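Visitor: Please arrange chain B on chain A, whose structure you already have, making use of the hints.
One line per chain: the protein sequences are A and B, in this order. Numbering of the first sequence is given in my numbering, commencing with residue 40 and proceeding in unit increments. Numbering of the second sequence is given in my numbering, commencing with residue 12 and proceeding in unit increments.
Keep in mind that the hints are not guaranteed to be accurate.
Over the 10 Å line for every Cβ pair with chain B, so calculated as not near, a few chain A residues [unchecked claim]:
1) G109
2) G118
3) R123
4) G200
5) G204
6) G252
7) A279
8) N298
Cβ-to-Cβ under 7 Å is the rule here; a few derived chain A residues that face chain B [said to hold, decoys possible]:
9) A76
10) I79
11) F83
12) E152
13) G153
14) M231
15) L329
16) A331
Hints listed in this document are in silico derivations from the structure and should not be mistaken for laboratory results. The model shown is predicted, which means the values in this text are computed figures rather than measured ones. Quick reminder that beta carbons are idealized off the backbone N, C-alpha and C, glycines included.
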Amino acid sequence: MTATLAAPPEKKRAPPQKRPGKHWSRHASAWLWLAPALIIFGLFKFVPMARAISMSFHEVRPYLGDRWVGLDNYRTVLGDEAFRAAAGHTLVLALGETLGSLVIGLALALLLEGTARHLWFVRTAVFLPTVTAMAVVAALWRVIYYPAPDGALNVVLGWIGLGPGQYLDSPHTSLWSVMAVGIWRGAPYDMMIFIAGLAGVDRTLYEAAAADGAGPLRRLWHVAFPAMRPVFGIVVTLAAIRGLRVFTEIFLLTNGGPNGSTEVVMTLVYKLGLERNELGIASAGSMLLLVATIALTVLTQMLRRRS
Amino acid sequence: MRQLDTALGLGAIRGPLGRIVKVALYALVVFVFAGPLLALLVSAFGRVTDPTKLTLIPHDLTLDNFRTAFDQGVLRYLANSLVVVGGGLLLQIAVSVTAAYALARKQFPGVRIVLFLILSTMMLPEEILAIPLSLVLADVPVLHVNLIGSLAGMIVPVGAWAFAILVMTEFMRDVPIELEEAARIDGAGDLRIFWSVILPVCRPALGVLGIFGFTMIWDQYILPLLVAQDAKQFTLALALRSLRADEQVGTGVLIASALLALLPSVVVFLALQRQFMRGLTSGAIKG
Numbered sequence: 040m041t042a043t044l045a046a047p048p049e050k051k052r053a054p055p056q057k058r059p060g061k062h063w064s065r066h067a068s069a070w071l072w073l074a075p076a077l078i079i080f081g082l083f084k085f086v087p088m089a090r091a092i093s094m095s096f097h098e099v100r101p102y103l104g105d106r107w108v109g110l111d112n113y114r115t116v117l118g119d120e121a122f123r124a125a126a127g128h129t130l131v132l133a134l135g136e137t138l139g140s141l142v143i144g145l146a147l148a149l150l151l152e153g154t155a156r157h158l159w160f161v162r163t164a165v166f167l168p169t170v171t172a173m174a175v176v177a178a179l180w181r182v183i184y185y186p187a188p189d190g191a192l193n194v195v196l197g198w199i200g201l202g203p204g205q206y207l208d209s210p211h212t213s214l215w216s217v218m219a220v221g222i223w224r225g226a227p228y229d230m231m232i233f234i235a236g237l238a239g240v241d242r243t244l245y246e247a248a249a250a251d252g253a254g255p256l257r258r259l260w261h262v263a264f265p266a267m268r269p270v271f272g273i274v275v276t277l278a279a280i281r282g283l284r285v286f287t288e289i290f291l292l293t294n295g296g297p298n299g300s301t302e303v304v305m306t307l308v309y310k311l312g313l314e315r316n317e318l319g320i321a322s323a324g325s326m327l328l329l330v331a332t333i334a335l336t337v338l339t340q341m342l343r344r345r346s
Numbered sequence: 012m013r014q015l016d017t018a019l020g021l022g023a024i025r026g027p028l029g030r031i032v033k034v035a036l037y038a039l040v041v042f043v044f045a046g047p048l049l050a051l052l053v054s055a056f057g058r059v060t061d062p063t064k065l066t067l068i069p070h071d072l073t074l075d076n077f078r079t080a081f082d083q084g085v086l087r088y089l090a091n092s093l094v095v096v097g098g099g100l101l102l103q104i105a106v107s108v109t110a111a112y113a114l115a116r117k118q119f120p121g122v123r124i125v126l127f128l129i130l131s132t133m134m135l136p137e138e139i140l141a142i143p144l145s146l147v148l149a150d151v152p153v154l155h156v157n158l159i160g161s162l163a164g165m166i167v168p169v170g171a172w173a174f175a176i177l178v179m180t181e182f183m184r185d186v187p188i189e190l191e192e193a194a195r196i197d198g199a200g201d202l203r204i205f206w207s208v209i210l211p212v213c214r215p216a217l218g219v220l221g222i223f224g225f226t227m228i229w230d231q232y233i234l235p236l237l238v239a240q241d242a243k244q245f246t247l248a249l250a251l252r253s254l255r256a257d258e259q260v261g262t263g264v265l266i267a268s269a270l271l272a273l274l275p276s277v278v279v280f281l282a283l284q285r286q287f288m289r290g291l292t293s294g295a296i297k298g
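Chain A on its own, in the form it takes in the complex (with noise of 0.2 Å):
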């Protein structure tokens, strides 16, 4: 959830009281307070890790023993059709999703900002989806979205004269569709962090500019904003990097139809690991997201430093 939480500052802190003769218990009790952790680290993160690379450089034979492949699993992957047709569309809905919550989220924060009793009442309101389980969003979502004329949303809609929808089940909307449940659960997130940042802002910058004759526009544009810069490349890196390996919505909403219109790169992933058993290019196929996340995570800091 907070990739971008950076190592705590060094505090140089007084040692205790150094016991001469204790350096070597001292320094194994902290590896014992350690231990749960590195353990279950290690075994269910670096364990399957390792694994993973490994595998996607065999040809994964149960009973027979791994053959060594090479980067083929990496060849196979990259002029698979199916797979760049999953990657776009991987890019595509994390791209959306990152800047519709983000638009959306930044609107409702400047909507909803403030410390009035009934506006904390609908800040609360608006972020239960934030909250729900993504399977119970997905359940829902799919009841809301019934093709029919008369499913929930396509009443909705009519009230205001737009037309009645296929959304998931057909092939030119299920993208969108999806990418709109997407930023339903993603945008009141966005939308609490910034309000966090609006709230560090200088009051009396605002007096000072609305003195100067800045109108609100102004006002967010020269004061709120450039205050919140930071908060933006959080908001980005962290929606980005959430996009990337989108799975459990896919896989609930549409399960990559209709005609593989919204097949993701964990989706099809999953499918050729798990129902194809074809385990070395699905290893491979997730190492190059792995890759592609670290890029991303590493350039939006570098970013950050620099700004």
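Guide: Okay, now just chain B, sitting in the frame of chain A:
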């Protein structure tokens, strides 16, 4: 002069027209974001035979949906979910506070490497590791146990979570060292200091860990998907998909079950809302 306490100064808009526009906008955003969840609540108690009967207006109240859902074994799935979230949360908190104690209070060679390793796990989500993770779960290295088909397989892997460890570490760094030194002079050992000096001071942070851990574990999907072998180990989240595929069951049952999966997270969020906001801002803004 007008009081400007927000960027747009909306609070200062007073006239009747401005008020109406504001209230309309509030109603619109509540309708869009909370409306679907409210429809879930209302429809769960209505006669919902197919997806077109989703409604915000209660009529024809009935408990039939829940009765049928319980016949379908939904209570068992709910129990599984509660066991996983309870066990996972206890383990996660225990693991986070002990690790944080070492990171915040001990000086040892390699502390930077450990911090880097913990941070790097944030880039290794279950999604990306799904396939090797399913192999590891079937035969855990060194221990050689098979966690597939047991709830333990959904609990143990979520026990260590980088976010929880880092939030706790940051909090413990701010506990005055004098407290610890005083106890040490009185002859207290690590365990005693940890238990009766550090932990009590960290109680507010435990609330943050609780709400985030709950939300994170309750939202788990791919891990239970990899671990569950048959319906007996289904969590509610997993069950929603098979209920949907079952033509016999009907939308009402699906909606009632979805509501059961929604309520715990909403209740926990409302109860620990303040801690949630604190975690959100401390985790995301500092950096």
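Visitor: It remains to establish, for every hint, whether it holds in the given structure.
Guide: Here is what the structure says about each hint:
no.	hint	in the structure
1	G109	holds (19 Å)
2	G118	holds (20 Å)
3	R123	holds (19 Å)
4	G200	holds (17 Å)
5	G204	holds (14 Å)
6	G252	holds (13 Å)
7	A279	holds (12 Å)
8	N298	holds (20 Å)
9	A76	holds (4 Å)
10	I79	holds (4 Å)
11	F83	holds (4 Å)
12	E152	holds (5 Å)
13	G153	holds (5 Å)
14	M231	holds (6 Å)
15	L329	holds (5 Å)
16	A331	violated (10 Å)
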